Amino acid sequence: MNPLARKVFTRVGTGLITVIFAATIVFFLARVTGDPTHQILGENASQEAIDQLRNQLGLDQSIFVQYAEFLSKLAVGDLGTSLRYGIPNIELILPRLGNSFLLTAVAVAGGSAIGYILALLGATKRGSLWDKLSTSIAGIAQSIPPFWLGLVLVYFFALRLEWLPSGGVGDWTHVILPAVAIGMIPLAYVTRVGRTSIVSVLAEDYVLAARSRGFSERQVLLKHVLRASAIPVVTVIGLLTGAILSSTVTVEVVFSWPGIGSLANQAIQGRDFTLLQAMAIVTAVVFVLINFIVDLLYEVLDPRIRTR
Amino acid sequence: MTNSATPTLLIPQTRMAELDISSVSVSYRNHRTGKQQDVVTDASLEVLERESVALVGESGSGKSTLARVALGVQSIKTGEVLIRNQSRYATKRVTGQDSEVMGDVQGVFQDAVGSLDPRQRIDRGLGELRRRYPKRTEWISDAELMEQVELPIDLLRRYPGQLSGGQAQRIAVARALVVKPRLIVADEPTSALDLSAQAQVARLLMHLRNDHDVALLFVSHDLALVRQLCDRIYVMENGRIIESGAIETVMTCPQSVSTRRLIEEGGLHEVPGTGMNEHARGDTPEARV
Amino acid sequence: MSSNNLLSIQGLCATARDVNGGVIQILRDVNLELEEGDRLGIIGQSGSGKTTLIRAIVGLEHPTIKIESGTIKFRGETMYSDSCDRRAELRGSTLGAIFQSAIRSIYPFRRIGSQLREIVKFHHPELDKAQSLNRIEQLLRGMSLKDTDRILRSYPHQVSGGQLQRVAIALAMLADPDVLMADECTSALDKGTEADVVRLLDRFTNDGRSLLFVTHDLRLAGRVCDRMLVLLRGEVQDSGAAAEILAGACTEYTRSLLEAMPPWKPADGSWPADSVVELADRTRS
Amino acid sequence: MTIQTDFRPDDEPQVAEVPPVDTRRKLLLRKGSGILGAAFFGIAVLLCLIAPWLPIADPNLNDLNEALRPPFWLSGGDMSHPLGTDQLGRDMMSRLLFGGRLTLVMVLAAVLLAAVVGLLVGIVAGYRGGVIDTILSRLTDAQLALPFILLALTIVLAVGSTVQTMIMVLALGSWANFARIVRGEAIGLRKRTFVVALESAHIGFFGIVLRHIFPNLLPLLLVVAVLQFGVMTLSEAGLSFLAMGVHPPQLTWGTMLAGGKDYLDSAWWIVVLPGLCIVLATLSLNMIADAARDKFDPTIGRGANK
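Chains as they are written, first to last, in my numbering: chain F, 2 to 309; chain B, 30 to 318; chain R, -13 to 271; chain C, 52 to 357.
No incorrect hints appear here.
Stretch-level coverage of chain F by chain R, calculated; a stretch enters the list once three of its residues show a Cβ under 8 Å from a Cβ in chain R:
| id | stretch |
| --- | --- |
| 1 | 205 to 211 |
| 2 | 214 to 226 |
| 3 | 294 to 305 |
Under the rule of at most 25 Å between Cα atoms (straight-line distance), these lysine-lysine pairs were calculated in the DSS-like manner:
| id | chain 1 | residue 1 | chain 2 | residue 2 |
| --- | --- | --- | --- | --- |
| 4 | R | Lys107 | R | Lys132 |
| 5 | R | Lys132 | R | Lys115 |
| 6 | C | Lys242 | B | Lys106 |
| 7 | F | Lys224 | R | Lys107 |
| 8 | F | Lys126 | R | Lys52 |
| 9 | B | Lys164 | B | Lys209 |
| 10 | F | Lys126 | F | Lys224 |
| 11 | F | Lys8 | B | Lys64 |
| 12 | B | Lys106 | B | Lys64 |
| 13 | R | Lys132 | R | Lys177 |
| 14 | R | Lys115 | F | Lys224 |
| 15 | B | Lys64 | C | Lys242 |
Everything labelled a hint here was simulated from the structure, so no lab data went into it.
In this text the structure is predicted, and so the values were computed from the model without any measurement.
Where a beta carbon is used, it is the ideal one built from N, C-alpha and C, also for glycine.
Here chain F stands alone, though its shape is the one from the complex (with noise of 0.2 Å):
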């Protein structure tokens, strides 16, 4: 086998791994609540109503079989049928994964663009009065439960302040809040590893080898260093991708946002577990691809992995 079909092969298949493992787990998490019957139809349900059901949903088979006829369905993209809304996951989910998509992009790109500059003034000035400031910002951001960051920000700017709205969607105004909220985990993990990455690259023999070829600082900044440094940045973004979706969940909550994170607290107020499910599994498949993409990054970013 050649070596990029090789590559292509080895990640196509520990993406499906991920994602049937993620499935897996579901599927048995789903099945130790017990009988969802009892959930639909109520308490006081005729035997036969609840036998009927479960005929049509197929719980009356064997587990194995139903684990089965679960991973065929997902093979196709068939992710179930919402308990409470009555139609299938997948369309419940697909219009909401665009807003959040939209959310998180901005908060993810501005939080690194701001979490680099962090990692610049800290690096190029290390020790100094920015490199403390950037250091502590970085920390703090680490530490601050992003939906109570969310809290505190629509009790400012909304309720007090009455600068920006309090929730919802509309223009772009009702982004910021959300996005900040959001943001402070890639600015808190870029202006760390950011700033390790720059101090290491600075100490590079090629950086001394352009300052003595006449270069002033700030070309060696944009022309080397910058480049050299990304690519530890953008590690620890692919691996920050589970902790951003977590809090996005959770922010959305907050500022009522239409993504999925509101429909999980939807699901969860209408205890529809197998909407839940299906999130879950696409949540999963939405985590592989963002990790193929950043491993399409590391290509374009170091000609060393490119070419051999």
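Following the hints, position chains B, R and C against chain F.
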């Protein structure tokens, strides 16, 4: 120790083999290509009682791997390894079964400080060995042991990080010695040390050979030292043993071109083509800071 | 101010901190004069301070090293003293440097050709693309670098160490510096290529430019340089015409270097004499 | 390897490895902040632990007459409820202490559980290698791939949110972090010469793992544990906020926060104070972990030897 010991040219047939490696091959999986790659091919080697045998070759020739085979920490693909005529293993990593010969073979490594657990005090490490081999280690006390390796007793209470390279290597020799081995496999024990420490460790090994009835398998690329220390020599290249014989015979009239080159160049050369040598790695303290 | 005096260093002292926090002298009162067209060899073993010296000249000494005193003048102008530091202005087209780890001094994330062209563009903005390419190829061929097309299209990790070393030399030379400082610039090269590079350096200095040639190899320095400065533990041992020093008009230390044997012996003298010689040979080779 | 690199012709002292002066000061600063973090966290833990014996109100005592009282420094507040009251008139200070008590105990249990599982998986995978490693690593990667919160929500929805479930769920979201780091370190250790030396001396698998691998892993493990403690405190708050936390009368900082979110406009302190507790606890833990990492990281601040 300027008098180079005259090597025994005739090996008496009555001496037993401490170590008998016959037709051993070792392969690694290359992670890039996924293919099996032989690092040692069909190598046979024998160390008799009280004999010092050298195993030399360029770096990458497979000599360290063969040393690991002798120590029982390397699984082999084919072949057989016998310790005092007892099978150590056929193809698996060593297991607990052959208790009789266990402890007969001990190792000393190139990275002296690294061959000691950084979080274990020297005396505790010796204690661990004593508990593992209660019978074998009765013969000497810690204090006497330190005397044997010419180190002050208070070093026993130190951690490996608090030792110099030469001290650590002598501790490593002491750890090997304490179980009263019949064979010590020394994998480039002096090559990472500075010159005076090299001399001390070399002298210590010489002392072991002469006064302790211990056989020695000395892996090195330092032919000058090998000539001082060993009776017989095996030369490796590309995973194969290409030449063997009494040390003076091989040194004075080497049969193969590679051996001749090794001797001429003092056996010390970087792998060509990497473009790196000591200067590129930085040889001044400024470069190291 | 003498018209042809390019670089002048007086009383340069530098210190560093050792692992225990103590202060070590890296350079002790080093004086150096370099004139136009001069080829000065700076010779020293590991730890002699030779690298610190040339890095200090362009203000790129390692952050742990501190310059205590001394002045550096260029064409009579003070570039460094207790009160001023303008050494950054010297870098590039005035004082070019090839540092010790030449191979790692090339940026790994861009093609070699684009890095070379960038330097030409930076120092000679008037040249067009074809002209600058021409210049680059000429220079590389002068160092017997074959296959230049492929090398220019490659990333640094795709070419061999010897080739990279020559690219590093080219990167410094393309800026046309008045003084070229080369720290062990031939160490990754075989003897044949070394001769080519030496010839190239020779040609370089023929049109009035100067060379600071840093090496541990006294004989190589003898082939390249007119004058020499021998350093031991940061102190100048010998300074003078290369021919005289090579002829033996020098301190005992330099003579021991000449005799291909550094002045040290194993601590307890127990080491067999012949292997000491052998080891000594190897350490220098 | 050849001898040239280590060879030094003249006996010069070796120049310091990394710390330039500013880094050195920075290390000191880090150490200082580590002590500060430890002190703060220690006091907080102590206060929470002795809460039942402190002369404070019952955290679950309703008094609607006293509802939504502000903290003492605001107009309308007084020292009978120093940090105010919540929507049911319960004393905030008492609730913060009791809430912290359960939060910290729960998270500590979860960290221990996750550390034990992660350590076992990591050591077996890393030190044994082979097929077992492949399987365990895939499992670890898949676990790390799942966005924790949805997994946790699904479980809690399925089995109900008791304290035991919460501990299990938090540990489930964390063990893979331990396993991944321990595995990496164990692979590194397995290749170290001293382990090869011990193997060649036939110190068995358990001897090497217990007496050598584990002690060498311990500092790293502690750093990861402290960091995960912070992460789990945040996770617990997130779950509670989505109404998936422990049920009353049990309370944690997270459930307090969730209960107060509808009163944000009229009584901000119900939301802000427990959140602040979470931030300060996590921050002090991160400070401790950073200081510890500097101390144990072999690449910086190495001791005087070698």
